[in-house]
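Protein chains in written order, with the working numbering: chain Z, 21 to 338; chain P, 363 to 621.
Any given hint could be a false lead.
[As the list claims (entries may be wrong)] BS3-like mimics (lysine-lysine), calculated; alpha carbons at most 30 Å apart, straight line:
id	chain 1	residue 1	chain 2	residue 2
1	Z	Lys305	Z	Lys272
2	Z	Lys277	Z	Lys236
3	P	Lys619	Z	Lys305
4	P	Lys619	Z	Lys236
5	Z	Lys163	P	Lys619
6	P	Lys618	Z	Lys272
7	Z	Lys305	P	Lys599
8	P	Lys599	P	Lys618
9	P	Lys600	Z	Lys277
10	Z	Lys277	P	Lys619
11	Z	Lys272	P	Lys559
12	P	Lys600	Z	Lys272
13	Z	Lys236	Z	Lys329
14	Z	Lys272	P	Lys386
15	P	Lys559	Z	Lys236
16	Z	Lys236	P	Lys519
17	Z	Lys305	Z	Lys236
18	P	Lys619	Z	Lys272
19	P	Lys386	P	Lys599
20	Z	Lys329	P	Lys560
21	Z	Lys277	P	Lys428
22	P	Lys600	Z	Lys329
23	Z	Lys329	Z	Lys305
24	P	Lys619	P	Lys599
25	Z	Lys22	Z	Lys47
26	P	Lys599	Z	Lys329
27	P	Lys386	P	Lys600
28	Z	Lys236	Z	Lys163
29	Z	Lys305	Z	Lys277
30	Z	Lys47	Z	Lys163
31	Z	Lys47	Z	Lys329
32	Z	Lys305	P	Lys600
33	P	Lys428	P	Lys559
34	Z	Lys305	P	Lys559
Don't read these hints as lab results, they were simulated from the structure.
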Amino acid sequence: MKTLVFLESVDGVLQAGSLGVLSRAAKLGGEVAGVVIGSGVAGVAAGAGAYGAQIVYVADDPRLASALPQPRVDVIAGLVTAQSFDNILFAQSVLASDLAAGLAARLEAGVNWDLAGVEERGGELIGTRAALGDSVYVEVAWKGAPRIGIVRAGTYAAEETGGSAQVENAAIELQDFSTAAVLVSQDRAEQAGPSIEDAEIIVAGGRGLGAAEHFKLAEELAEVLGGAVASTRAVVDAGWYPYASQVGQTGKTITPKLYIGLGISGAIQHKVGMQGSGTIVSINKDAHAPIFDYSDLGVVGDLHTVVPKLIELLRARG
Amino acid sequence: MRIAVCVKSVPDAGSARTIESGTKRLDRSADAVLNPYDANAIEEALRLNETSGEGEVVLVSLGPEKALDALRKGLAMGADRVVLVSDEAAIGSDLVATSYALAKALEREDADLVLFGQQGSDSDGAVLWAAVADRLRRPLISQVAELTVSDSTITGKRQTENGYDTIQAPLPAVVAVTDAINEPRYPSLKGIMGAKKKPQDVVSLSDIGADATRAGEAGSRTTVMTLSPPPPRGDSKKIEDDGSAAAAIVAFLEEKKLL
Numbered sequence: 021m022k023t024l025v026f027l028e029s030v031d032g033v034l035q036a037g038s039l040g041v042l043s044r045a046a047k048l049g050g051e052v053a054g055v056v057i058g059s060g061v062a063g064v065a066a067g068a069g070a071y072g073a074q075i076v077y078v079a080d081d082p083r084l085a086s087a088l089p090q091p092r093v094d095v096i097a098g099l100v101t102a103q104s105f106d107n108i109l110f111a112q113s114v115l116a117s118d119l120a121a122g123l124a125a126r127l128e129a130g131v132n133w134d135l136a137g138v139e140e141r142g143g144e145l146i147g148t149r150a151a152l153g154d155s156v157y158v159e160v161a162w163k164g165a166p167r168i169g170i171v172r173a174g175t176y177a178a179e180e181t182g183g184s185a186q187v188e189n190a191a192i193e194l195q196d197f198s199t200a201a202v203l204v205s206q207d208r209a210e211q212a213g214p215s216i217e218d219a220e221i222i223v224a225g226g227r228g229l230g231a232a233e234h235f236k237l238a239e240e241l242a243e244v245l246g247g248a249v250a251s252t253r254a255v256v257d258a259g260w261y262p263y264a265s266q267v268g269q270t271g272k273t274i275t276p277k278l279y280i281g282l283g284i285s286g287a288i289q290h291k292v293g294m295q296g297s298g299t300i301v302s303i304n305k306d307a308h309a310p311i312f313d314y315s316d317l318g319v320v321g322d323l324h325t326v327v328p329k330l331i332e333l334l335r336a337r338g
Numbered sequence: 363m364r365i366a367v368c369v370k371s372v373p374d375a376g377s378a379r380t381i382e383s384g385t386k387r388l389d390r391s392a393d394a395v396l397n398p399y400d401a402n403a404i405e406e407a408l409r410l411n412e413t414s415g416e417g418e419v420v421l422v423s424l425g426p427e428k429a430l431d432a433l434r435k436g437l438a439m440g441a442d443r444v445v446l447v448s449d450e451a452a453i454g455s456d457l458v459a460t461s462y463a464l465a466k467a468l469e470r471e472d473a474d475l476v477l478f479g480q481q482g483s484d485s486d487g488a489v490l491w492a493a494v495a496d497r498l499r500r501p502l503i504s505q506v507a508e509l510t511v512s513d514s515t516i517t518g519k520r521q522t523e524n525g526y527d528t529i530q531a532p533l534p535a536v537v538a539v540t541d542a543i544n545e546p547r548y549p550s551l552k553g554i555m556g557a558k559k560k561p562q563d564v565v566s567l568s569d570i571g572a573d574a575t576r577a578g579e580a581g582s583r584t585t586v587m588t589l590s591p592p593p594p595r596g597d598s599k600k601i602e603d604d605g606s607a608a609a610a611i612v613a614f615l616e617e618k619k620l621l
């Protein structure tokens, strides 16, 4: 098997998620290559050798400076056609998901996403994914190569094994429509504030809190439990709480011992950032909220009556 | 502007959802509803055209004919018509096959803007738009939380892992919006009454010039091998608050030695 791993580079740093997928690919056996695409990225390519890449292809061009998917589809499609890769693996991210799906259409290749694992079985690649709100696990496969897989964030840890990679240039032929969308500005998110990644107890607030000022409830509960407050993309976008607190696909990944969700529906975007939590308690007035599918204790009720009582009871315990 | 919104009918989240063990497909016999995330895309399309005072919003979907009942909610919200690709040969389409059939239907519509919601509530799939954009050879902006159009340029603001991007593209373009972009309107009684009379075209693959071997299971490049129950999460409990929920939470946390 010949596997290519997309190595996402942000500000000149290869992302841990894609290096984790590379480490996994190296264990699948066969030939393993990486591809780094961007502007001024040639220098970071060789570093992927330590994580199991035998060859790293580099597409370094000012037209590839912005983290947009379509020109990257052009580069990888060219590479796959020239080098006949059997598998093309991605670590899930906003960029990688769009890139992988665009590539699937371009190459008429199968794509399986949200994979919680990939393995080799008798020369075939097999993926595992959870479906229907984690109520069922399915094994998925591909009908022939190339096979495209998007692996869930945080599935595989990057393991430095100390090899070295040969660096080669990839051909860069971009389609007109691929370069039509342009990034006109980018604001780097503020990373300051208390770290929710290290907290053992997290109280997370979602849109069900109803208004920014109701985050006080989440803060009080977190304080009495000795935890930190997290949030969802919806409330961050609404301006209720800072980005540093956001958990999910475009926020942080947390693994506290205890996660308490207040008014959080549990959309996939949030779930991927908190499903590794030890114990999950959720309070939501919508009995059909997806978060109940993966909660250890789900409370269907009004958080505005349940949480104040909960705080009172916890305070009384001292 | 002529806006095409890609929508789908999904099983109602309130009904039990299962995967048929024989076909390994989602059991779609339960009550179907409009995918809730698609309502945000329809709302955005209606707002864009309300601002400019002209245009058309067409809903484009792939699914069984009975999906029309669910898609009619979009018409009740204010969309002008529906094109539903319904064909025995399209059953069981995976992403690559779905994107092929949808792109064929969209080519016929020749819309200035193709909109998607952020995910399907049934499959958690959130990548279809990128495949469709590639087939249509149009620029793509995804995860958009704020959308503006001026002249023939569309501007989308979005959040990624690394911050906030502003992306611009010339029309025609493909845009996927998030559920943070707007609060979808509820259909009015008048809207609901009027929806039934709006054009609802059910078309076959050959009607849209699509090759049946590239749709459905024949055109799919992925397969589902086995189904198994998930690793157990211990004893999962769900309770309804009758005034004692707070005490139940405390007891649960004590039992788990988390206090």
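Under the criterion that the straight-line Cα-Cα distance not exceed 30 Å, is the pair P/Lys619, P/Lys599 satisfied? holds (17 Å)
Z/Lys47 paired with Z/Lys163 [C-alpha distance capped at 30 Å]: Roughly 22 Å between the alpha carbons, so the hint for Z/Lys47 and Z/Lys163 holds.
Check whether the Cα positions of Z/Lys236 and Z/Lys329 lie no farther apart than 30 Å. holds (14 Å)
Is it true that the CA of Z/Lys305 sits at most 30 Å from the CA of P/Lys600? holds (12 Å)
Quickly compare the C-alpha distance for P/Lys599 and Z/Lys329 to 30 Å and report which way the hint goes. holds (20 Å)
Under the criterion that the straight-line Cα-Cα distance not exceed 30 Å, is the pair Z/Lys236, Z/Lys163 satisfied? violated (52 Å)
Decide if the proposed pair is consistent with the structure: Z/Lys277 and P/Lys428, CA atoms, cutoff 30 Å inclusive. It is violated: about 45 Å lies between the C-alpha atoms, which goes past 30 Å.
Hint consistency between P/Lys428 and P/Lys559 [alpha-carbon to alpha-carbon, up to 30 Å]: holds (16 Å)
Hint check: P/Lys600 vs Z/Lys277, CA-CA at most 30 Å. Holds or violated? Distance of about 20 Å is within 30 Å: holds.
Please verify whether Z/Lys163 and P/Lys619 have alpha carbons no more than 30 Å apart. Distance of about 48 Å is beyond 30 Å: violated.
Between the alpha carbons of P/Lys619 and Z/Lys272, is the straight-line distance 30 Å or under? Roughly 26 Å between the alpha carbons, so the hint for P/Lys619 and Z/Lys272 holds.
Verify the proposed pairing of Z/Lys272 with P/Lys386, using a straight-line Cα cut of 30 Å. violated (33 Å)
Consistency with the previously given hints fails for numbers 5, 11, 14, 15, 20, 21, 28, 31, 34, ordered from lowest to highest.
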